[in-house]
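> Chain by chain, the residues run as shown.
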Amino acid sequence: MSARMRFILSVMVLGLLMTGPFLLTAMFVWLETKGAERQTLVEVVAPHLPIGTLLTLVGFGVGVAVLRGLFRQYVQGLLRMAENLRLMLGANRGFRVEPEGPPEVQQLARAINELAEQRDSLTADVEAQIGRAKASIEEERNRLAALMSELTQSVVVCNLDGRILLYNNRARLQFRALSDAPAVAGGGELIGLGRSIYGVFDRTMIAHALDTIQQRLRRCGQAQANFVTTTRAGQLLRVQMAPVLSAEPAMAEEAREDARPESAIEAPGTAVEGEASAARTITGFILMLDNITRTFENESRRDQLLHNLTEGNRASLGNVRAAADMLEYEDLTDDMRRRFRKVVRDEVEAMSARLDDTAREFADSLKARWPLEEMLGADLIAAARRRIEERLSLPTKLEEVDEAIWLKVDSFSLIQALTYIASRLSDEFGVREVRFRLSAHGRLVHLDLIWSGQAMSTETVMSWELESMNIEGERTPLSVRDIIERHDGEMWLEREKVRHRAFFRIVLPAARPQEQLESESFLRGESRPEYYDFDLFQWSERSHELDDRPLSALTYTVFDTETTGLHPSQGDEIIQIGATRILNGKLLRGESFEQLVDPRRPLSPESAQIHGITREMLRGQPTIDKVLPAFHAFAADTVLIAHNAAFDMRFLQLKEAETGLRFDQPVLDTLLLSAVVHPNQASHRLEAIAERLGLTIIGRHTALGDAIVTAEVLIKLIPLLAEKGIVTLRQAREAAEQTYYARIKY
Amino acid sequence: MVKKILIADDEPNIVISLEFLMKREGFEVLIANDGEEAVQRIRGDRPDLVLLDVMMPKKSGFEVCQEIKADPALADIRILMLTAKGRDTEVAKGLALGADAYMTKPFATKELVERVRELLER
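Just so you know, the sequences run in chain order A and C. Using our numbering, you'd call the opening residue of the first sequence number 1 and step up by one each time. Using our numbering, you'd call the opening residue of the second sequence number 1 and step up by one each time.
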């Protein structure tokens with residue numbers, strides 16, 4: 001019931017209260033008097049009726065006035081106050097209620113104002129605290145990023161999917177050297193926020209290193225792994241990997257570790273659970289890279305020299321010593337004596353020459369070694385077993401394994417060698433189980449791979465040792481022999497005739513475990529934080545199909561091409577490609593791609609007027625078959641964006657047959673998206689859209705300039721699309737397909 | 001009976017000394033210049049002992065050793081391996097493959113003669 005209705009009702013009640021008792025009394029008197037008495041009553045009362053009515057009306061009027069006053073002050077006043085309170089609650093927090101009206105209402109207003117004051121100071125306090133916390137987080141991030149960018153070592157941080165979420169300048173330079181097409185993309189197709197590290201490194205290798213770390217974490221709570229790898233461009237990289245651990249579960253884990261002895265006795269169930277979660281959660285990994293191609297070449301050369309010096313001289317010395325011994329005999333014929341002397345002379349001369357060579361070469365060779373890391377033998381075998389069982393589905397067993405043995409190994413390649421041998425045993429000799437044995441013999445360790453069954457010839461063993469390895473389609477140029485030699489070890493086949501079985505024995509030098517910490521962090525220059533996006537830690541690509549991911553969470557390659565003309569099917573060609581990237585809603589201007597292309601055909605004068613690219617500028621530029629692979633890599637794993645994308649895509653598609661590169665990722669067109677958002681606008685040219693969205697245009701009609709404008713347009717369009725309920729990639733594509741413009745064909 | 005010794009080495013500069021030495025000690029001496037020839041001569045001439053160099057063309061000393069020891073008919077032939085490589089792992093490999101003794105260059109010829117006699121008397 002509205003306040004007005006209630007007022008009218010109370011006026012009516014007042015009227016009834018004032019007239020009702022009087023009228024009722026009059027009625028009773030009227031009914032009780034009869035005949036002449038009633039006549040007399042009428043005569044007595046009638047003359048006084050007007051004044052009575054008048055008095056009643058006046059009384060009623062006063063009553064209404066009082067009622068109205070009360071209503072205004074208590075009902076309407078409170079309603080007004082309620083509205084003001086709403087204002088204080090939301091839109092205008094600084095507003096205060098004016099204490100007016102009767103004292104009770106004024107008291108209420110004052111109490112409300114005090115409450116509001118209290119709320120404001122609390123809010124301010126909380127906000128200040130949040131602000132401080134944010135600032136300190138931001139500061140820590142910046143400090144970390146600054147530290148990274150100033151390291152002379154290349155650092156790349158990835159999440160578990162292998163997406164890069166931080167890299168430093170040094171890493172960028174290094175990746176540039178690794179790129180197959182350094183002149184074209186400047187390594188930008190390999191390194192970039194959100195890009196996959198598996199473009200550079202073998203996935204299985206990273207997985208193996210993570211595995212090793214996981215195992216060590218379980219043992220001692222901190223770990224790192226080292227490996228050396230060859231990149232596609234033939235460079236040799238030494239990589240050091242450290243895990244990024246989540247903070248919370250790790251602490252819980254420690255607590256559980258402490259509690260384990262008792263709980264193991266009381267409840268076996270909890271102990272098992274503890275074991276299962278014993279692995280601290282790794283949320284990502286840090287890679288520190290060293291390009292050791294040069295040093296490794298030096299090292300190989302040095303090794304060769306050293307080898308020549310020791311073994312060559314050892315043989316020569318043997319010859320000299322034997323000849324000298326022979327010269328001692330008195331009964332030598334002159335001829336024999338001459339021949340022995342010649343041996344001595346020749347060998348000594350050869351040794352002198354060798355020594356000179358070595359001394360000269362040594363002066364400029366540097367120290368670097370194939371990095372072998374120390375590892376618990378039992379861990380190595382556990383990892384090898386897991387790999388053999390997973391890859392080959394070949395059951396494995398343990399025989400005596402000395403748990404105290406430490407080895408100095410490159411675990412990845414050694415496990416590869418073991419897996420390879422096991423695969424050949426299983427493929428060619430039908431071996432259905434292999435066993436491992438590990439024992440120490442002085443400074444050497446025997447690692448045996450045992451099987452029972454058919455005997456094999458020495459030739460077979462030799463060929464297994466010398467052929468380059470190929471396991472289930474995974475190729476490597478290395479042979480088992482290479483790997484064994486890298487470990488300074490030996491390998492041979494032995495038979496246990498009594499038990500009808502045989503084993504490969506790999507002899508490796510034992511290692512004494514040592515704590516080694518090398519700090520190679522130098523501070524340098526005044527470079528500022530750059531190249532990081534820690535939000536990627538929350539990313540997990542596997543959990544989403546691209547199609548159902550929100551537009552705001554996708555990675556985009558926004559590109560534009562300049563061409564010799566408008567008719568791709570009639571032989572017009574691309575003369576420039578420009579592209580930039582959007583990640584987590586941010587334009588990454590630093591990660592752009594811009595390249596002129598020699599079209600191998602003349603430019604039409606009209607087109608030159610649009611893009612300003614002349615024949616002279618294109619002379620000596622790479623051709624499209626060189627540029628497209630780099631752009632393909634740059635755009636890998638992202639959604640492609642272009643303005644009037646159908647046009648640019650047509651050029652790319654016409655090159656598919658020639659280059660063998662398919663651009664089969666999802667494509668969105670800003671022209672169509674603009675038409676979805678503003679269906680009633682006349683123009684969807686890039687300038688018109690940019691102007692509508694309040695963007696300033698610079699550098700239009702260069703491919704990169706246009707790509708950047710297009711990217712800015714896309715960033716503005718995404719929230720406008722969301723207002724129309726278009727949130728995911730699928731929805732955007734479907735909406736775009738329904739616009740009028742989508743029907744134009746090139 | 002005069003014992004036969006096969007010298008298997010591809011380096012003439014050591015063969016000349018070993019040949020002279022062994023002949024002087026009263027052994028009959030045969031010579032092989034590579035691994036394959038060594039195996040042929042062992043099978044054909046049945047020497048009592050082989051002075052076997054590890055690094056040889058065509059077949060390494062390890063292969064020769066393994067082949068000989070795998071043949072029960074040749075089981076009593078003694079093998080003394082000679083090598084210019086001094087690594088422990090290699091010595092271990094030679095002995096595991098059945099070599100009776102192993103000597104690293106350079107060695108004293110007197111010691112060599114002693115080892116040869118010792119092996120032949122076994």
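Calculated directly from the structure, the hints in this document are not laboratory data. Since this is a predicted model, take the numbers as computed values, not measurements. Where is the CB? At the ideal position from N, CA and C, for every residue including glycine. Take these hints with a grain of salt, some might be off.
Unchecked claim - Covered by chain C, according to a simulated footprint, are these stretches of chain A (three or more residues, beta-carbon under 8 Å):
hint, region
1, 324-333
2, 339-345
3, 560-572
4, 578-592
To be verified - Incomplete in silico selection of chain A near chain C, CB under 7 Å:
hint, residue
5, G453
6, A455
7, M456
8, T460
9, S463
10, R486
11, E490
12, W492
To be verified - Below 30 Å or equal to it, Euclidean Cα-Cα: the simulated DSBU-like pairs (lysine-lysine) are:
hint, chain 1, residue 1, chain 2, residue 2
13, A, K408, A, K397
14, C, K3, A, K397
15, A, K342, C, K110
16, A, K497, C, K69
17, A, K497, C, K110
18, C, K85, C, K3
19, A, K724, A, K586
20, C, K69, C, K3
21, A, K655, A, K134
22, C, K69, C, K110
23, C, K23, C, K4
24, C, K69, C, K58
25, C, K59, C, K85
26, C, K69, A, K134
27, C, K23, A, K497
28, A, K408, C, K85
29, A, K626, A, K655
30, C, K85, A, K655
31, A, K342, C, K69
32, C, K23, C, K85
33, C, K59, C, K110
34, C, K58, C, K85
> Please write out, lowest number first, the hints stated earlier that are contradicted by the structure.
3, 4, 5, 6, 7, 8, 9, 10, 14, 17, 21, 26, 27, 30 and 31
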